[in-house]
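> Chains as they are written, first to last, in my numbering: chain A, 1 to 114; chain B, 115 to 231.
Please keep in mind that the hints were generated in silico from the structure rather than gathered at the bench.
Accuracy of the hints is not assured; some may be wrong.
To be verified - Listed below are the simulated DSBU-like cross-link pairs for lysine-lysine, each with C-alpha atoms no more than 30 angstroms apart in a straight line:
#1 B:K211 - A:K69
#2 A:K101 - B:K171
#3 A:K69 - A:K26
#4 B:K211 - A:K106
#5 B:K171 - A:K70
#6 A:K106 - B:K171
#7 A:K106 - B:K125
#8 A:K26 - A:K56
#9 B:K171 - B:K125
#10 B:K211 - A:K56
#11 B:K125 - A:K101
Listed below, chain by chain, are the residues.
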Amino acid sequence: SQQGEEDPQALSIQEGENATMNCSYKTSINNLQWYRQNSGRGLVHLILIRSNEREKHSGRLRVTLDTSKKSSSLLITASRAADTASYFCATDVLYTGANSKLTFGKGITLSVRP
Amino acid sequence: GAGVSQSPSNKVTEKGKDVELRCDPISGHTALYWYRQSLGQGLEFLIYFQGNSAPDKSGLPSDRFSAERTGGSVSTLTIQRTQQEDSAVYLCASSRKLTSASYNEQFFGPGTRLTVL
Numbered sequence: 001s002q003q004g005e006e007d008p009q010a011l012s013i014q015e016g017e018n019a020t021m022n023c024s025y026k027t028s029i030n031n032l033q034w035y036r037q038n039s040g041r042g043l044v045h046l047i048l049i050r051s052n053e054r055e056k057h058s059g060r061l062r063v064t065l066d067t068s069k070k071s072s073s074l075l076i077t078a079s080r081a082a083d084t085a086s087y088f089c090a091t092d093v094l095y096t097g098a099n100s101k102l103t104f105g106k107g108i109t110l111s112v113r114p
Numbered sequence: 115g116a117g118v119s120q121s122p123s124n125k126v127t128e129k130g131k132d133v134e135l136r137c138d139p140i141s142g143h144t145a146l147y148w149y150r151q152s153l154g155q156g157l158e159f160l161i162y163f164q165g166n167s168a169p170d171k172s173g174l175p176s177d178r179f180s181a182e183r184t185g186g187s188v189s190t191l192t193i194q195r196t197q198q199e200d201s202a203v204y205l206c207a208s209s210r211k212l213t214s215a216s217y218n219e220q221f222f223g224p225g226t227r228l229t230v231l
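Based on the provided sequences and hints, a complete structural model is requested.
Here you go:
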């Protein structure tokens with residue numbers, strides 16, 4: 001079963017609207033990260049939120065974390081056509097000794113129509 | 115400043131041949147991951163190296179796949195007797211410790227696109 005699962009799988013919005021993407025996970029985490037992938041390229045890190053944080057902002061990005069519900073959301077405000085990409089959440093989990101491991105979800109495809 | 119580099123960027127091979135894919139992580143990053151991504155799909159975890167610990171090989175799909183990391187730096191992913199279903203983009207990522215028990219963001223290489231004919 002997937003540690004991190006994004007919802008929805010695909011999202012299509014008009015330029016200027018806000019895009020909200022959700023991620024749920026199953027076990028306790030050290031931190032949760034969101035990544036973006038443009039078609040055919042490597043992933044780029046967007047934002048990291050630690051388990052003791054509830055909300056974080058970076059430019060037009062807002063991430064929330066609810067550890068009681070084991071969920072996170074990524075909000076992109078005032079979307080632009082250039083935001084069209086796949087978005088992945090990833091959870092950093094302690095799994096052996098002092099080691100942790102980052103596990104990715106399957107991703108959300110965001111399309112922003114001009 | 116050098117990021118994560120991978121070579122080759124593209125590899126076309128014939129079914130049954132062996133291939134080697136290389137990853138040069140960012141200097142000082144103790145963690146190194148290999149992933150596979152088929153067209154339009156998410157990331158499939160393959161193998162994870164963390165410092166001097168034994169690698170986590172739980173994601174390797176078959177015994178045709180192996181990887182090593184020499185001197186805690188460069189890593190090579192080897193696929194023996196390639197099959198058509200091995201065709202995908204192979205991504206490498208590295209990261210450094212954030213705390214004693216967690217990692218910071220992963221930095222990804224551009225990937226190697228493998229095509230098995």
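> Going back to the hint list, which numbers does this structure go against?
Nothing - there is no hint that the structure violates, so all of them hold.
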